[in-house]
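Engineer: Residue numbers (numbering that gives the first Met the number 0): 0 to 167.
Straight line, CA to CA, 16 Å or less: simulated EDC-like cross-link-like pairs of lysine to aspartate or glutamate:
(1) K90 x D13
(2) K68 x D98
(3) K5 x E137
(4) K90 x D121
Restraint ranges, calculated between C-beta atoms of paired labels, are given here:
(5) K166 x P136: 43 to 49 Å
(6) L97 x E165: 37 to 43 Å
(7) S14 x A116: 17 to 23 Å
(8) K161 x V37: 44 to 50 Å
(9) T43 x L142: 31 to 37 Å
(10) H41 x K148: 37 to 43 Å
(11) A158 x N36: 39 to 45 Å
(12) S14 x K143: 31 to 37 Å
(13) K108 x K146: 32 to 38 Å
(14) H41 x A164: 51 to 57 Å
Hints listed in this document are in silico derivations from the structure and should not be mistaken for laboratory results.
Note that CB positions come from ideal geometry on N, CA and C, so glycine has one too.
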Amino acid sequence: MSKTAKVAVVMGSDSDFPKLVPCIKILKEFGIEVDVNVISAHRTPEDAEVFAKSAEDNGIGVIIAAAGKAAHLGGIIAAHTVLPVIGLPIKSSTMDGLDSLLSIVQMPKGIPVATVAIDGGDNAGILAAQMLSLAFPEIKEKLKAYKVKMKEEVRAKNAAIKAEAEKL
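Work out the full structure, taking the sequences as your base and the hints as a guide.
Structural biologist: Below, the structure written as structure tokens:
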């Protein structure tokens with residue numbers, strides 16, 4: 000693994016980008032370098048293969064593959080690399096993203112793609128950070144602080160709701 004934590008975020012279409020903004024922001028918050036690409040499993044399958052085969056040599060540690068509809072991008076990439084691949088199903092106009100989810104999660108034996116929720120960019124980024132934290136202790140420390148921050152936010156919301164309920 001390279002000396003720099005690096006994640007590739009790959010989307011099947013540029014229309015998926017807004018769903019990936021939270022993912023990219025989370026990765027950068029943890030100090031992870033992000034390489035963003037548009038590669039179509041169906042329209043540019045050769046590019047997907049070349050990308051996947053060269054990812055490790057390019058310093059990538061984890062690949063996040065976001066796709067909608069017939070969401071084969073993560074599987075195509077996983078077929079050509081031993082790097083961990085996280086599939087991010089994107090809600091499209093059909094089936095509210097269920098088609099994407101099922102396309103990603105139902106991978107054949109030997110070609111795993113970890114899968115997060117439909118439009119779950121935040122969790123894709125956090126999962127990638129957790130994977131990289133095994134090799135990068137500084138990311139592990141940032142993850143611990145992130146969890147503490149979440150806990151504090153929930154406790155503050157709880158106190159605010161309790162105060163609001165008392166006024167009723």
